[in-house]
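**Q** Chains as they are written, first to last, in this note's numbering: chain A, 1 to 462; chain B, 1 to 462; chain C, 1 to 462; chain D, 1 to 462.
Where hints are given, some of them may not hold.
[Claimed, not checked] Some chain B residues near chain D, calculated using beta-carbon distances under 10 Å:
| id | residue |
| --- | --- |
| 1 | F240 |
| 2 | P314 |
| 3 | Y317 |
In short, the hints are calculated from the structure, not lab data.
All C-beta atoms in this analysis are idealised placements derived from N, C-alpha and C, irrespective of residue type, glycine included.
Number of protein chains: 4
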Amino acid sequence: MTLWGGVFSQPTDDAVRRLNDSLRFDWRLYDADITGSLAWADALSQAGVLTPAERDRIAAGLERVRAEFMEGTFAAAPGDEDIHTAVERRLAELIGPVAGKLHTGRSRNDQVATDLLLWLLSAQRRIVDHVCALGAVLLRQAERHLDTAMPGYTHFQPAQPITAAHWWLNHFWPLTRDVERLERAADAWRARCPLGSGALAGTPYPIDRQALAERLGFTAPSHNSLDAVADRDHAAEFLFCLSLIGVHLSRLAEDLIVFANPSFGFIRLDERYSTGSSLMPQKRNPDPLELARGKSARLIGHLAGLLVALKGLPSGYNKDLQEDKEPLFDAVDTLDALFPPVIGLVNTLVLVPERMRAALDPAMLATDLADYFVTRGVPFREAHALAGRAVKLAEARGVSLSELSAEDLATISDQTGDDVARVFDFDAAIARRAAFGGAGETEAQLARAQAWLARRRIAAPE
Amino acid sequence: MTLWGGVFSQPTDDAVRRLNDSLRFDWRLYDADITGSLAWADALSQAGVLTPAERDRIAAGLERVRAEFMEGTFAAAPGDEDIHTAVERRLAELIGPVAGKLHTGRSRNDQVATDLLLWLLSAQRRIVDHVCALGAVLLRQAERHLDTAMPGYTHFQPAQPITAAHWWLNHFWPLTRDVERLERAADAWRARCPLGSGALAGTPYPIDRQALAERLGFTAPSHNSLDAVADRDHAAEFLFCLSLIGVHLSRLAEDLIVFANPSFGFIRLDERYSTGSSLMPQKRNPDPLELARGKSARLIGHLAGLLVALKGLPSGYNKDLQEDKEPLFDAVDTLDALFPPVIGLVNTLVLVPERMRAALDPAMLATDLADYFVTRGVPFREAHALAGRAVKLAEARGVSLSELSAEDLATISDQTGDDVARVFDFDAAIARRAAFGGAGETEAQLARAQAWLARRRIAAPE
Amino acid sequence: MTLWGGVFSQPTDDAVRRLNDSLRFDWRLYDADITGSLAWADALSQAGVLTPAERDRIAAGLERVRAEFMEGTFAAAPGDEDIHTAVERRLAELIGPVAGKLHTGRSRNDQVATDLLLWLLSAQRRIVDHVCALGAVLLRQAERHLDTAMPGYTHFQPAQPITAAHWWLNHFWPLTRDVERLERAADAWRARCPLGSGALAGTPYPIDRQALAERLGFTAPSHNSLDAVADRDHAAEFLFCLSLIGVHLSRLAEDLIVFANPSFGFIRLDERYSTGSSLMPQKRNPDPLELARGKSARLIGHLAGLLVALKGLPSGYNKDLQEDKEPLFDAVDTLDALFPPVIGLVNTLVLVPERMRAALDPAMLATDLADYFVTRGVPFREAHALAGRAVKLAEARGVSLSELSAEDLATISDQTGDDVARVFDFDAAIARRAAFGGAGETEAQLARAQAWLARRRIAAPE
Amino acid sequence: MTLWGGVFSQPTDDAVRRLNDSLRFDWRLYDADITGSLAWADALSQAGVLTPAERDRIAAGLERVRAEFMEGTFAAAPGDEDIHTAVERRLAELIGPVAGKLHTGRSRNDQVATDLLLWLLSAQRRIVDHVCALGAVLLRQAERHLDTAMPGYTHFQPAQPITAAHWWLNHFWPLTRDVERLERAADAWRARCPLGSGALAGTPYPIDRQALAERLGFTAPSHNSLDAVADRDHAAEFLFCLSLIGVHLSRLAEDLIVFANPSFGFIRLDERYSTGSSLMPQKRNPDPLELARGKSARLIGHLAGLLVALKGLPSGYNKDLQEDKEPLFDAVDTLDALFPPVIGLVNTLVLVPERMRAALDPAMLATDLADYFVTRGVPFREAHALAGRAVKLAEARGVSLSELSAEDLATISDQTGDDVARVFDFDAAIARRAAFGGAGETEAQLARAQAWLARRRIAAPE
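Generate the whole structure from the sequences, applying the supplied hints.
**A** Laid out in structure tokens, this is it:
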């Protein structure tokens with residue numbers, strides 16, 4: 001039994017019904033739907049539309065429907081075209097015709113908009129927890145490697161030495177932006193409870209929408225009923241936040257995949273977080289990382305898809321908006337599935353400091369050589385050219401930059417002192433970058449990161 | 001039991017396993033997988049790796065596994081990480097250790113590449129059938145309205161009169177491009193059977209890959225094993241073809257949605273193909289059309305997502321490629337679900353010729369007035385300006401363009417003859433556009449369309 | 001002269017140089033670049049790297065370069081591969097070798113990251129102004145039409161009557177979300193000044209990065225130098241904000257384009273904001289609206305493109321990041337070009353209340369009929385069915401819903417009273433939706449909108 | 001002077017004009033536009049609309065306009081809103097009022113559709129040449145390294161040895177698919193010349209559209225005038241083809257970027273194709289490769305953007321379609337700029353065979369060990385497990401797989417013969433993959449590739 005048959009003389013075509021029906025994916029809104037209906041029953045009661053007894057009966061019935069969902073005993077019926085219909089149909093079976101009063105002054109348009117926002121706010125909290133948990137294991141790894149030197153790359157070419165902790169922390173801070181972005185967004189979402197907007201024009205019953213909004217955890221009702229039923233900005237914003245999380249995971253994954261290749265050998269994955277080959281017996285593949293990288297693409301696709309669906313729609317609810325849910329659900333499922341393995345993998349992988357140090361080349365200290373000349377009064381631009389010539393000289397001689405003698409260097413600049421050899425110390429070079437945020441103040445940076453995380457109260461997994 | 005445990009000392013983490021496992025979506029490759037394995041068993045037998053008896057035993061076992069899938073009795077086991085593992089595991093249960101010979105010289109990399117192509121070729125044929133079936137009902141509608149005049153729009157403003165058949169046919173020809181694009185693409189896909197490429201380096205057994213390819217309906221084997229296992233160009237190309245089909249459906253849907261609004265009232269939808277409102281008893285909503293428009297967005301999102309997943313991958317198989325299947329499957333499911341309702345809706349909707357004619361305004365014949373001046377020797381550019389002035393004069397007078405008298409028009413140009421009134425005949429204006437492809441040769445155009453479709457042998461539904 | 005030639009023996013290939021060079025588009029960062037360099041010179045001076053005299057000389061030189069850009073007299077030289085090189089090259093020409101000290105402890109990596117953020121913050125303010133200005137003209141239109149009744153649509157089918165003001169306001173509130181989202185985002189961007197991050201590892205000079213950040217209008221420096229030079233989250237976030245603005249414009253445009261079609265005739269565009277046809281003299285096309293709708297696609301494409309560019313990059317600066325600027329610049333240019341015409345068009349268009357009212361159909365009051373039954377004790381679900389039957393009865397009789405007599409209605413429900421005719425009053429139906437955000441409290445809603453806008457101090461254009 | 005002012009009383013708003021005007025980007029259609037106009041003048045003449053003298057005068061005038069464009073002397077005038085207006089305006093200046101006859105029976109809608117197709121067909125040929133030229137240098141590199149062994153990777157982990165030629169060729173075959181796809185697409189584009197479709201309804205003059213089409217290099221005219229002016233399928237298809245080319249370039253770039261990192265050291269870039277750092281004197285960065293990878297994102301963004309622009313448009317020309325050109329132009333410019341540096345870089349880079357061979361590990365022959373057991377009758381599945389145990393034993397012993405003695409291996413399987421040591425030969429392992437497309441038949445594969453390329457007659461650059 002649909003909720004709308006009255007004016008129709010003929011049954012809906014089966015293929016139309018199958019296309020239209022959304023219960024196969026929107027069933028997961030059941031909790032939000034029932035929570036919203038409980039609040040609506042309250043509001044109707046306060047508006048004098050329901051008697052307290054009716055309200056109580058409806059509320060008790062709704063809780064029974066919720067219990068059936070939670071226990072897995074809820075049975076869908078043929079006409080259950082969506083979760084709203086399914087819940088109301090079951091409610092009527094349980095409590096009789098009074099169930100028919102629940103939808104007074106309400107439409108599925110404001111109902112689904114509310115359900116989706118409630119679901120979104122709950123998913124947002126879970127995603128924040130995932131992100132913080134990954135942050136926590138990154139910090140644990142950073143803590144272990146405050147003094148491990150490694151090459152820092154730009155253009156994926158050796159650039160300057162950094163600490164492994166600095167590199168780990170470089171993957172931490174983007175996550176803090178992700179969390180703060182999600183927190184800011186959720187604050188905004190809470191300021192626009194759509195319930196009470198009706199189908200498009202508002203509700204003719206004297207509903208106190210501010211109280212209703214607060215009852216559901218919102219801070220305020222939406223301002224315009226026509227906008228409220230068609231607003232999916234929050235869905236797009238959430239998908240954007242998730243896409244950027246995906247991008248950050250993909251960059252972490254790319255580093256780790258490449259560093260796990262034996263030509264680098266910077267990391268060793270725990271066997272529990274790698275997989276083998278059906279053909280090649282020796283393989284240990286970093287599948288979770290490849291999937292993290294690959295699945296970031298899916299998130300971007302979902303974001304694009306939703307924006308496209310919204311583009312060019314006329315005002316008010318259009319059925320195109322039904323396309324909001326599946327990308328959202330899939331995006332959240334994707335991250336729900338992705339974070340635990342990635343967290344476990346990062347938590348258990350082992351860095352190989354000796355391979356990292358072996359990849360350092362004295363030429364990575366050419367900037368320090370230039371800075372040495374600067375301290376002796378050479379303008380940086382000229383010092384840069386001198387250091388470049390030194391690198392070239394070393395290459396021509398077939399030696400490393402640090403193997404050039406002070407005499408060799410003196411042929412390049414008369415500003416070469418006896419102390420020039422002191423330049424060629426990777427650890428000292430790192431320590432010199434002691435300004436805020438530099439590789440030489442990693443310990444302080446780690447403390448800042450830990451303080452940030454402590455405010456979110458998320459513990460790293462063991 | 002995975003296919004690759006030998007070198008591992010520890011079991012895979014559960015969350016990793018769940019993330020990695022693809023059986024929940026790749027089970028639908030079962031038919032392709034078994035077809036591919038049958039061909040591979042043949043090839044191994046011809047190469048002397050399997051005896052004929054072993055080959056026969058494996059073939060019989062594979063057919064039993066296929067029967068279990070078709071009958072719905074196949075039971076997944078805990079270690080079945082993908083369809084390939086599941087089939088081989090079940091085969092071993094059914095026929096014993098000889099099953100272990102099937103994977104000789106093969107990898108899941110070339111196996112899945114082959115499975116996906118076989119599935120794609122089959123999905124491609126089904127999509128072509130859908131598109132042709134929609135084409136057929138468009139032609140049926142066009143046939144009914146060869147003489148129905150309606151406004152043609154540009155910029156969604158009235159431009160010139162056309163026939164309704166011409167408008168219907170305008171939605172037909174894009175579908176022919178879709179079909180031909182899919183046919184061309186499939187020809188190319190058939191020229192690169194990846195089976196026999198091994199994991200990346202080819203197979204060390206003397207497999208006749210040309211014969212193997214032909215056995216599977218391909219025309220040739222792939223040229224490079226490393227490329228073959230990582231090539232997903234066909235997946236992207238298929239998603240592009242489907243996206244463009246989606247765009248064409250969305251444009252048809254947009255026209256129909258707007259024309260179904262009572263301010264136009266050009267069409268009436270059959271009740272079986274529209275739905276109602278839970279709040280507003282009078283509503284009849286064109287949901288299938290809105291979903292056609294909305295779901296075109298999802299297809300674009302999937303296309304973008306897959307291209308993103310492929311971008312920047314290193315050579316050879318990477319697990320990111322597992323992200324190819326879900327967007328493909330969902331895109332095909334989407335169109336499988338969308339076409340029947342859209343076809344039914346178009347087939348049953350009723351055009352309202354009197355509303356279409358009522359929307360014609362003589363100002364839409366201003367170009368014909370300009371052309372009239374051209375026939376009397378005025379250069380078109382000047383004639384255009386004269387006709388513009390006539391429109392302005394009519395507006396100033398508050399009359400329609402055709403209500404201007406010959407005298408009025410004579411004040412605008414001395415090239416106005418007594419026969420100028422003959423310009424203002426919508427049907428004659430249509431008939432004048434008799435050059436190939438114009439609104440005045442709709443009947444011939446329809447015949448061309450019917451001939452095109454006849455070559456595809458798809459009948460329209462009743 | 002590039003800034004980096006020292007180690008190279010051979011000149012760069014011309015095609016590489018052309019591909020690499022970014023001055024053709026990044027010249028527009030000149031103001032940000034010079035502002036950043038002035039702050040850096042200060043910071044170097046405070047750190048004792050520059051003497052006050054050197055700092056002053058550099059500062060004076062930089063201001064001269066800025067003046068050349070502003071006056072249009074700056075002349076690019078062959079080696080000017082980007083804006084940073086161009087500025088430093090010109091500075092050296094103007095002030096001699098001391099210019100070579102400016103780049104001490106700095107890299108183009110932290111420099112360009114800073115420049116881009118400064119530009120972004122400035123563009124963000126301009127976009128906010130555009131959006132508010134559009135909001136202001138929407139409110140002006142709403143103010144004029146507080147009592148104009150029109151059909152509200154869902155599924156683009158007539159649903160319930162609303163006021164034209166309510167419909168206008170429905171396009172206003174999304175803009176407030178856009179503005180608030182941009183404001184929140186900019187607050188976050190200001191908390192991470194990258195200057196002083198060097199190429200990746202930080203700066204070895206004792207720079208006070210907090211003071212430096214504040215000098216540039218930031219609130220704090222970035223936490224990690226490796227992250228800071230590769231962070232483009234703000235660019236993606238800005239493009240997302242712009243994409244959603246584009247979506248909102250596209251929805252406004254869609255409404256207006258359709259309403260401007262004569263079958264609706266709800267609005268008349270001012271001639272200054274429509275254009276004609278080279279062939280059809282009578283045409284008046286809503287080009288700015290079509291471009292608003294069309295250009296929203298470009299914004300979505302740019303967002304997708306940037307996220308794709310970021311996906312899967314290894315840590316640290318990679319040249320791929322150069323792809324951040326063109327989509328950003330084009331997106332901002334697009335909106336800079338789009339808003340003024342759209343604002344002008346909305347400001348000058350004329351609503352046609354009589355056409356809007358003529359499009360109202362009594363069947364749009366079917367929900368009110370159901371609500372009437374509810375007030376007489378019928379549960380809503382049953383009342384909905386009764387109203388549906390009434391609509392059907394009216395259709396069968398060929399009359400409008402309001403033309404059914406009380407007797408006719410009484411055959412449908414014995415809850416029909418003599419006062420049922422009072423249901424069929426469009427204005428009363430609107431007024432009944434008096435709950436917060438409903439069509440019946442448009443005046444209060446308008447006041448809230450005006451208050452919101454007043455806080456942004458943007459006046460509508462005349 | 002616009003072409004359409006007649007009916008308008010007021011001038012267009014300046015901001016609207018700026019938004020609308022497309023001459024700043026569509027000027028590059030000048031050649032196509034003039035070519036199309038020449039053909040149209042012929043067609044008008046054959047239809048009796050122009051006298052031969054008029055036709056000749058117009059043709060001569062058009063050639064003069066073309067010459068002005070080619071010589072760079074064409075001067076735009078204030079009213080030149082697009083290339084079509086500009087050309088017709090200039091033509092009128094040059095030849096007087098007869099120029100006003102050229103637009104007879106034509107609209108800018110069919111004109112621009114034709115221009116774009118002509119431009120597209122020409123761009124398509126250039127892109128094919130670029131792709132073939134890259135293919136040629138890949139083959140030249142492959143030719144040099146038929147016997148160079150290197151690790152083949154899957155999951156970016158060492159998998160099996162291959163030849164460097166096989167790896168190079170793995171980047172060649174995708175290019176052949178790109179070329180063939182472009183060729184197939186262009187064949188289809190040529191079958192639908194839109195000229196003669198008018199604004200939407202066709203042309204009222206007796207134009208022989210088949211002859212007109214052939215005059216312009218098409219094979220047939222378009223079938224439906226309404227579709228023809230709004231069809232941008234070819235634009236989307238071209239962008240898809242370019243996106244996939246971009247993806248292929250990005251994968252080549254990713255391999256080369258990683259292989260150029262000293263931890264791999266597989267390749268050395270020529271200095272002419274790498275760049276330095278403003279801060280770090282020793283840097284040699286693979287910028288062209290990073291840009292190839294990064295710019296593939298832009299192409300995907302443009303494809304998505306165009307599909308979004310087309311989605312949901314009503315029938316006929318809408319101004320949104322103006323958004324087709326900029327992404328197309330930019331995509332083609334991007335590849336025009338990208339290919340020469342990438343081709344030069346690939347052509348000049350030097351492979352380092354000794355580093356490639358040093359990265360081979362005997363564990364990569366574990367599959368060959370399994371195959372060895374297979375030759376001795378062990379089913380592959382069991383042989384795979386045995387080889388896995390051998391790898392594990394070697395790891396436990398701290399030796400490489402090839403350092404296990406025959407006795408060690410005998411403890412794993414009694415199928416170990418004295419000849420087992422022969423398995424551990426990288427070159428022999430490669431040679432064993434001799435089936436079609438395998439690493440062991442690279443020479444034959446190269447011959448096939450050369451034959452493919454020879455049919456395209458593109459020579460590699462020196």
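**Q** Provide an ascending list of the numbers of those earlier hints which the structure does not satisfy.
**A** Hint check: nothing fails, all pass.
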